[in-house]
Structures are given as C-alpha cells and as structure tokens.
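**Q** Next come the chains, spelled out residue by residue.
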Amino acid sequence: MDLSFLFFYLFAAVAVGAALVVVLNRNILHCAMALVLMFFAIAALFLMLGAEFIAAVQVLVYAGAIMVLFLFVILLIQIDRVQMLRFAHRQSPLVVIIAVLLLAELLYMIIRGTLGIAPGGADAAAAGAASGSTEAFGALLYTTYLFPFEVASVLLLAAMIGAILLARLDKEEVGGVSRQDMS
Amino acid sequence: MISLQHYLALGAILFAIGVVGVLTRRNAILILMAIELMLNGVNITLIAFARHAGNLTGQIFVLFIITVAAAEAAVGLALVIALFRGRDTLNVDEIHLLKW
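Chains as they are written, first to last, in the numbering used here: chain A, 485 to 667; chain B, 3 to 102.
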C-alpha cells in the first residue's frame, strides 16, 4: 500500500515536471522530448488505475505516432529560425492569474465538493481484475459502442485526407487549392 | 489505495499547465503540444472516474479522445506546414488576418 503511494507521487511528479518543461522551455525540441516523458508517466498512472489497454494505446499512439509527427514537423521546418521565440509578452501575467484561479477552483471542487458518482460495486471491480480489463473493454467497445467506433474510423479517414491535401499546397497556392490539382 | 481525489487533482494541475501553455506560447507547434497536455489531464480524470465508478465507459471515452487527438494533431500540423510555407512564420502574433 505504501508502495503505491510512492509510485503515484513519483509518476505524478514526473508528469507535472515534464508538463512545466513543455510550457516553459525555449527550445522546441526539449519541449517535444519532455512531452514524450509526460506521456510515459501518464501511461504508468493508467496502469496503476487498472486501464492496461489504454496505457498501451497511450504509449503507441501518443508517444509513438503523434510525437513522431510533431518531431517530423519541427525538423521539417527550419528549426533555428523558429526555436528561439519570445516567451513573455504583455498578457502573460494575466494568463498566470487566470490559470491559478482556474486551478484553485478545480481543486476546491475536487477536495470539498461532492462527487455525483457513487463508487461502483466491488463485484464489478473484482470481475474486471480477475479477467483483465482488456477483455471486458473489447467486449464493450465492439457491442455497445460499435457505432461510435465506426464513426471514429470515418473521422480518421477524413483527417488523413485533410492532412494530405493541406500539407501538399505549394507556396504560390496558399489560400486555395489550385485548379489543376482538383481536376 | 490512492484516493480518487489524488488523480483528479493531478488531472486539474496538468489541465491548468496546459492552459498556461496555450495562452502564453507564441509558437503554433507549441500551442498544439499544450493542447495535448490538456487532453492528457482530462484523460487521467476520466480513467480515475471509470475506476471509481467500477465500469469501463470512461476508458471507452478516453480511447475516442485519443483518436480525436490523433486526427487533430495530423490536421493541425498540416495547417502549420501550409502556414509556414505561405507566411514564413509560426508566430501566432504575426498571423492575424482574422483579428479585429
């Protein structure tokens, strides 16, 4: 029991520290690497919460696919021209005040508020733990949530076509797709 | 056992850090990264509630959020590339055609 607290605080500290590096560091490559570290820490927390499948998806999709995409774009664009961007500008103090207020409000609600969700039955948790939650997750995804699952595939197709179409625009064509490309 | 509130607090902290990133960074790629930070804060919250409520619906939601995040990153980064080709900058302060 003590060990789970130790690991929670370890991974939470890594996640928050890496998130702060993402927000505060000036070198965009360091930001990307810190984001990868944060994704791994979050995946470890998912494991601690008994969501093994989501933890695997987190590592594969976020730390694998999405971050490789980010790094490709960062390296594709001439990095020395964009990496040293001015960080502070005149609305920064206001932003920090708003974010601190938001965080205080959220934490107050979390600590003092009543959560509208009753804790689930111990039998459900025990059943999930016995068979491994991935099996139950798959059964739920392919029966109750089959339609959203199919819609998600259409969304990914649309995003793929959109990304290809947007990224292949030439410099003189920005603002509209050139006519001969469409015919 | 770690309480639900611990995970919710962590999700709130990550979300707030993401808000700071979105509103202060001037680089379009970094704004997209900060949005991923906020999405991860929400994911932690949903998984914690799924464990708390003893069913898997929260995990299904997280799977769809990850799907949408992947689509968003792909389209967003394609826009960043198109923007950089057209205007030679990623500073969102200089991209203000629609700004009043």
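These are computed hints drawn from the structure, not numbers from a lab.
Check the hints yourself; a few may be wrong.
Part of the chain B face toward chain A, derived, beta carbon under 8 Å [what the hints assert, rightly or not]:
id, residue
1, A14
2, L16
3, A18
4, N29
5, N42
6, A84
On a predicted model such as this, the values are computed, not experimentally measured, just so you know.
Backbone N, C-alpha and C fix where the C-beta goes; we use that ideal spot for every residue, glycine too.
**Q** Take the hints in turn and mark each one as holding or not.
**A** Hints and how they fare:
no.: 1; hint: A14; in the structure: 4 Å, holds
no.: 2; hint: L16; in the structure: 6 Å, holds
no.: 3; hint: A18; in the structure: 4 Å, holds
no.: 4; hint: N29; in the structure: 5 Å, holds
no.: 5; hint: N42; in the structure: 5 Å, holds
no.: 6; hint: A84; in the structure: 5 Å, holds
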